[in-house]
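Q: In the order they appear, the protein sequences are chains A and B.
When the letters of the first sequence are read in order and numbered with our numbering, they come out as residues 1 to 255.
When the letters of the second sequence are read in order and numbered with our numbering, they come out as residues 1001 to 1310.
By construction, these hints were calculated from the structure, which means they are not laboratory data.
Please note that a few of the clues may not be correct.
To be verified - Only pairs whose alpha carbons sit at most 27 Å apart, straight line, appear in this in silico DSSO-like list of lysine-lysine:
no. : chain 1 : residue 1 : chain 2 : residue 2
1   : A       : Lys3      : B       : Lys1205
2   : A       : Lys236    : B       : Lys1106
3   : B       : Lys1085   : A       : Lys30
4   : B       : Lys1033   : A       : Lys3
5   : A       : Lys236    : B       : Lys1085
6   : B       : Lys1205   : A       : Lys85
7   : B       : Lys1085   : A       : Lys231
8   : A       : Lys231    : B       : Lys1205
9   : A       : Lys3      : B       : Lys1146
10  : A       : Lys200    : B       : Lys1085
11  : A       : Lys2      : B       : Lys1238
12  : A       : Lys2      : B       : Lys1033
13  : B       : Lys1205   : A       : Lys137
14  : A       : Lys2      : B       : Lys1205
15  : B       : Lys1156   : B       : Lys1238
16  : A       : Lys217    : B       : Lys1205
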Amino acid sequence: MKKIEGEILNNIDLGEGMFHLIVSAEEIAKRAKPGQFVNIRILDTLCPFIRRPYSIWSAEGDVIEFLIKVSGLGSRLLSERKRGKIDLLGPLGRAYPEPNFGDNETVLIGGGTGIAPLMFYVKYYSLTNFKFIYGAKTCPPDYLISRLGEIIGDFLVSTEDGSLGFKGLVVDYVKELIRDGYIDPQKSIFILCGPLAMLKSFQFLPPENTYVSMEGKMACGFGVCMGCAVKRRDGKGYLRTCTDGTIFRLLDIEL
Amino acid sequence: MNLEVNLAGLRLKNPFMPASGTFAYGVEFLDRKDEIDITEFGAIVTKGISLRERFGNPPERIAEVPCGLLNSIGLENIGLERFLKEKWPLLKEIGVPVIVNIFGEKEEEFEILSEELDRAKVHALEVNLSCPNVDKGGMEFGQDRKVTGRIVEIVKGKFKAGPVFVKLAPNFVNIIEVAKVCEKKGADGLSLINTIMGMAIDVEKREFLISRGVAGLSGPAIHPISLYIVYRVYQEVKIPIIGVGGVYDYRSAIEFLMVGAKAVQIGSMIFVEPGIINKIIRDTKDYMRRHKIDDIKKIIGCMQKVKKGE
Chain A
1 MKKIEGEILN NIDLGEGMFH LIVSAEEIAK RAKPGQFVNI RILDTLCPFI RRPYSIWSAE
61 GDVIEFLIKV SGLGSRLLSE RKRGKIDLLG PLGRAYPEPN FGDNETVLIG GGTGIAPLMF
121 YVKYYSLTNF KFIYGAKTCP PDYLISRLGE IIGDFLVSTE DGSLGFKGLV VDYVKELIRD
181 GYIDPQKSIF ILCGPLAMLK SFQFLPPENT YVSMEGKMAC GFGVCMGCAV KRRDGKGYLR
241 TCTDGTIFRL LDIEL
Chain B
1001 MNLEVNLAGL RLKNPFMPAS GTFAYGVEFL DRKDEIDITE FGAIVTKGIS LRERFGNPPE
1061 RIAEVPCGLL NSIGLENIGL ERFLKEKWPL LKEIGVPVIV NIFGEKEEEF EILSEELDRA
1121 KVHALEVNLS CPNVDKGGME FGQDRKVTGR IVEIVKGKFK AGPVFVKLAP NFVNIIEVAK
1181 VCEKKGADGL SLINTIMGMA IDVEKREFLI SRGVAGLSGP AIHPISLYIV YRVYQEVKIP
1241 IIGVGGVYDY RSAIEFLMVG AKAVQIGSMI FVEPGIINKI IRDTKDYMRR HKIDDIKKII
1301 GCMQKVKKGE
C-alpha cells in the first residue's frame, strides 16, 4: 500500500454514465495486480469524507486506469475532475488467483463496470484458454466495445434491453450457454465481478470453482475499520472485503 | 520543544494517539513504517477487547454522511485469550504506552478482563461504557450512573498495572453527571466522547443505510460537540480528559488541548489518511515553533482561562 499523488492524464466521458480515468501513478502502477483496487480521495476536503474504492482496469508502466460508473457523490465529483493531482491509496486487496487451473477453462463474467478487473486479468497474464461474457443493461459505448476487442478478442454480450447480443440478464445467458454445451461447469473456473444481485444469481455454479469479487462498503480499505464484512460460509463470523478479498471463493462465503 | 504529557501516570512523548476501533490492534502497522510510524505516537489504543471473540454485526456496517461516518461494527474482535497470545507480545515491544480498550456485557466480564490484563501488565485500560452498536452492555451501562459506578469500582479493584480511563458518550445521558460518578469511583481519566447515535435512510428503497438502523456517528461532523463536552466536563472533574471526536488535522487536535484535554485521540480520519497521526505530530511542532511555545503543557486548558476572563 502506497499513498501517492497521481496526475490525471485524461478523463474520458464514455456515455451511459461511465468514464475512463487515466492517472500517472508510478508507485502504484508498478505494484498493481489484477483484482486489486485503489482507494481514491476525491477532494482535499471533508465532504465527501471517506475515500472511494475503484478496481484497476489497467496498470502498465507508470499509468493506471479505471473504468467508473457514476453512482453517487464521489464518482460524480471524480467524473468532473479532468486535470490535476489526485490522492491515491493502493494497490489494496488481494489479487486474483494466478491462472494455474490445469485443463480447466477460465470463464470470466462481468456485469457493468465489473468487466474492468477481468480485462486486466486477461491482459496481465496473457490468458489464452478463456471465455469472456459481458452483461450490460444496454448497448455499451463503442469505446468499450473496441477496447474489449483489442484486449479480449472474442467476447459474448448480453443486454437487458436486447440492444446488443443476448436479450436478458447475463445469468440467463450463461445458463443457456451451459445448456448448449458451450460452457461445461465441471471443467471451468468461473471468475465473476459485478453487482451483488448479479453475483447472487450465479450461486448455482460449483462453489469450489467459482470466484466472486465483492464490493462491501468500506471506510478504510486497508483492514482497520472492519466495515466491509462478508459472511463466512462456515458460520465463524465475517471476512473483510478489503484485505481478505475483494475476491473470494464462493465456497468460503455467503452472499 | 517539549510535547511530553503525563496522563494519569502514563508518560506520553506527545498527546496524540489513535481512537479505539479505528486502528485495529496496532500491530498491523509494524511493517509499514513509511506510511504510518506508530513508534512516534504518544500511545496506542487497541480495538475493544471482550472476554470472548465477537463476530460483530451483519453488513451494511458503514455509511457515509456529510463530513462524517456512521458505523455499526458491533465490536468485532478476537477476544481476550487471542489478544494476549497474538497481539500483546508484539504490542509491548513497541516502546509506546498501550491502552487496551475493554468491553463486557456483564459485570463479571469486566472483572475477568481487568484481572487478566492486570496479570499481563498492559499499560492502561480504557473501559468502553458507551458503544451504541451492541444490544447489551455498552450504552446501557453508560446510561445508568449506578451501573457505571459499579463497573468502574470493579475494574479499579482488579486492575493495578496502570491508569483506568472510562470512555463515555452523550447519548441520552447527562454526561457531566456520569463523568462525576466515574471520578468518584476512582477512574483515573475520561475519554470523551464515543460516537453519537445516529441513522440514515435510503429514501428510494426505504431502507436504513446501516442494517441495524442505529449506528455511531463519527468524523468531523461531531467535532464541535465533542469539543464542547470536553470543555464542560473539564470544569466539573479533576481527573484528566482525553479528547476524542472528529479530529481531522492539527488545529482540531489543538482545540481539544486548549479546552483542557491532556491527550487527543484521532479516529475516523485514519481511514481517510492512514498517516494522519504522524502528520498531526509534525504540524503541531510547526504550530508551536510558529507561536514560540516551548512546552505543549502551556496550551492545555488555555481556553478555559479565557472563559473565566483571566
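Q: None of the hints should be skipped; say for each whether it holds.
A: So, going through the hints one by one against the coordinates:
no.: 1; hint: Lys3(A) x Lys1205(B); verdict: 36 Å, violated
no.: 2; hint: Lys236(A) x Lys1106(B); verdict: 23 Å, holds
no.: 3; hint: Lys1085(B) x Lys30(A); verdict: 37 Å, violated
no.: 4; hint: Lys1033(B) x Lys3(A); verdict: 12 Å, holds
no.: 5; hint: Lys236(A) x Lys1085(B); verdict: 20 Å, holds
no.: 6; hint: Lys1205(B) x Lys85(A); verdict: 36 Å, violated
no.: 7; hint: Lys1085(B) x Lys231(A); verdict: 25 Å, holds
no.: 8; hint: Lys231(A) x Lys1205(B); verdict: 23 Å, holds
no.: 9; hint: Lys3(A) x Lys1146(B); verdict: 47 Å, violated
no.: 10; hint: Lys200(A) x Lys1085(B); verdict: 38 Å, violated
no.: 11; hint: Lys2(A) x Lys1238(B); verdict: 43 Å, violated
no.: 12; hint: Lys2(A) x Lys1033(B); verdict: 11 Å, holds
no.: 13; hint: Lys1205(B) x Lys137(A); verdict: 20 Å, holds
no.: 14; hint: Lys2(A) x Lys1205(B); verdict: 37 Å, violated
no.: 15; hint: Lys1156(B) x Lys1238(B); verdict: 17 Å, holds
no.: 16; hint: Lys217(A) x Lys1205(B); verdict: 17 Å, holds
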